[in-house]
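Keeping their order, the protein sequence lines are chains A and B. So for the first sequence, the numbering used here puts the first residue at 1; every next one is plus one. So for the second sequence, the numbering used here puts the first residue at 360; every next one is plus one.
Derived from the structure by calculation, the hints contain no laboratory data. Note that the structure is a prediction, hence the values are computed from the model and not measured. Even for Gly, the Cβ is constructed at its ideal location relative to N, Cα and C. Incorrect hints may appear among the rest.
What the hints assert, rightly or not - DSS-like, lysine-lysine: derived pairs with alpha carbons at most 25 angstroms apart:
1. LYS224(A) to LYS476(B)
2. LYS224(A) to LYS197(A)
3. LYS197(A) to LYS117(A)
4. LYS257(A) to LYS626(B)
5. LYS267(A) to LYS626(B)
6. LYS117(A) to LYS96(A)
7. LYS583(B) to LYS642(B)
8. LYS616(B) to LYS283(A)
9. LYS583(B) to LYS224(A)
10. LYS224(A) to LYS642(B)
11. LYS433(B) to LYS283(A)
12. LYS267(A) to LYS433(B)
13. LYS117(A) to LYS74(A)
14. LYS267(A) to LYS257(A)
15. LYS433(B) to LYS197(A)
16. LYS476(B) to LYS257(A)
17. LYS476(B) to LYS433(B)
18. LYS257(A) to LYS455(B)
To be verified - Here's a subset of chain B near chain A, in silico, CB distances under 10 angstroms, partners left out:
19. GLY469
20. THR496
21. LEU497
22. GLN500
23. LEU534
24. GLY578
25. LEU601
26. ALA618
27. ARG637
Number of protein chains: 2
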Amino acid sequence: MPQTVRIALDAMGGDFGPKVTIAGAALALERRPDSRFLLVGDESAIRAELNRHARLAERAEVRHAAVSVRMDDKPSQALRSGRRVSSMWLAIEAVKKGDADVAISAGNTGALMAMAKVCLHTMARVDRPALACLWPTLRGQSVVLDVGASLGANASHLVDLAIMGAAMARVMLNLARPTVGLLNVGAEEIKGIEEVKAASTMLRDLNLPGFDYRGFVEGDGIGKGVVDVVVTPDGFTGNIALKTAEGTAAQIAAYLKQAMGGTLLAKLGYVLAQGAFRELRAKMDTRATNGGVFLGLEGIVIKSHGGADSVGFARAIEIGHEMAGGDLLNRIRDTVALAHRLREHDGADQTSPPRETAQ
Amino acid sequence: MPQTVRIALDAMGGDFGPKVTIAGAALALERRPDSRFLLVGDESAIRAELNRHARLAERAEVRHAAVSVRMDDKPSQALRSGRRVSSMWLAIEAVKKGDADVAISAGNTGALMAMAKVCLHTMARVDRPALACLWPTLRGQSVVLDVGASLGANASHLVDLAIMGAAMARVMLNLARPTVGLLNVGAEEIKGIEEVKAASTMLRDLNLPGFDYRGFVEGDGIGKGVVDVVVTPDGFTGNIALKTAEGTAAQIAAYLKQAMGGTLLAKLGYVLAQGAFRELRAKMDTRATNGGVFLGLEGIVIKSHGGADSVGFARAIEIGHEMAGGDLLNRIRDTVALAHRLREHDGADQTSPPRETAQ
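With the rest of the complex left out, here is chain A:
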């Protein structure tokens, strides 16, 4: 573990730019005093904010970038106009060059993924990178991946996702041996996507080190926290599940607000129970889990929600800090290599028929 964690920030990313990213960095530094920052973006805009944060200024270097990727740039546009010159690219490149341990951006997801792939490259033997998130559960938190809107994963990629998610859970959730499940729709005969079934068979047969594979998980099992790592059938399904859960939480928060503002008694009850409501709000605060992690790249890149405030952005930085601290990439590399070697040895890729497995 490095003595200091060096964090490259795309200071221009997100809906609010340096106002939020610099304030977020200052907050994160309070909690993680061993951080150093490389702030990439429009120098004068960054300096203007940095003037308010003396402690951060001491621990930060500013790197000017003339171009900012816009929130509505398409990935191809972003690459065309921002490659080698944008704050997003230069933050990622700092990781590649060894100037930083992790890059963080609240810029648009598609552009960030495209630049991270072009700049850092996908890990050997990994089909493609994935976006992983922390999902609050009744037991604490779980890692859920892929939530990155990509389509159609094959069984071998789902095994890689299990390996990468487990590595992240070890680092982020401090678990020696996280449990892993595959998201599916129940255990009936007609149900279940072939690739998910095949991945389940592979995960049981391979019995890889570092995690316990526990079979299928249904959608309502995520919030219960039945496993530490949930592998979704593909990023498309995962993204829809994530957004649907966020929508449901927002909906219930709105119901609750309506209900507690309704009558005088309700309002009085609310005042008395305000400690309890504060506790509830803290549990439902999506800022606490802000920060998606791109896994499967030769470097660590964190994506913050574009609309995050400084508290949320600071949390994304903290996630980056924790992910950079571990020996994450080597672990993933080794386990992915082992899985592929075992499968080539067993011929499992070619010959194992998909078998039904259940929780």
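Using the hints provided, position chain B relative to the given structure of chain A.
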């Protein structure tokens, strides 16, 4: 609309059998006094429960069935052992024979779908049936389909789902012209499944009567109620979204319970605000939307949650009652036929390239 709505019940389905189904029917009859019931299942078990419900007994006929489909029977097993003889089959068959306007079962979904398909047949030109549900939203309720765990829909099927969902929304939500959206993951270049994009183009081009197509909806738009009908990319994704939302609601309910039971002040606040909490519980009560509707069959079949209590089962019966009352099947048949005619005329099936569309 028939003077009386004739409802065939699989009295043996669900985790609790006649105890819940008969009590549920009695409740539903109180609210819908124009119902008549055909109670199918083990006659002595049904009669034992029916003795407690004199008003229901007056409006019900009992039809003995020697076989009950078990909750864990695979669809193929259920068909083998239960075809023509099980309570599930005979309830569906009553619809086919014209003895009932709708069939309702809390039995297992796979078996019910398989039997409904074999007995009632899929509508002409409809690729396959779908499972639709009512989803509580901040604006009221929406229809979401397919949530039935089936895989891989093509664009033409998604158009049929839009037609069927809109027809259901007209009946269930009393809307003259419901709005319809396709569930997707955002509007970026790299995002969106080809079939969903192609369906979006078709829905815009066809401009079918009876609903307004509004483009893509993201997962967090469902709970907001941004459209009246949400068409999912396939039943697999839809089922995962539904279960994930249910899981999130249960999770927040658990947080709330913990928080309000924590301190004396919180407990006191809870007592004062109990009216508000009652209101909240009513909004979060999944029993209020219990009852999935199989659409795309030549007859109406409703699936209740297996674990529903009599209040939940009564709600599924009410949904069946409402669905049977309208001119639903003819409307679906006509609009599906029109869509196919228009597409053949335009050659849209073959030649329209998928175009990107946005909300």
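**Q.** Hints breached by this structure
**A.** 1, 3, 11, 12, 16, 18, 22, 23
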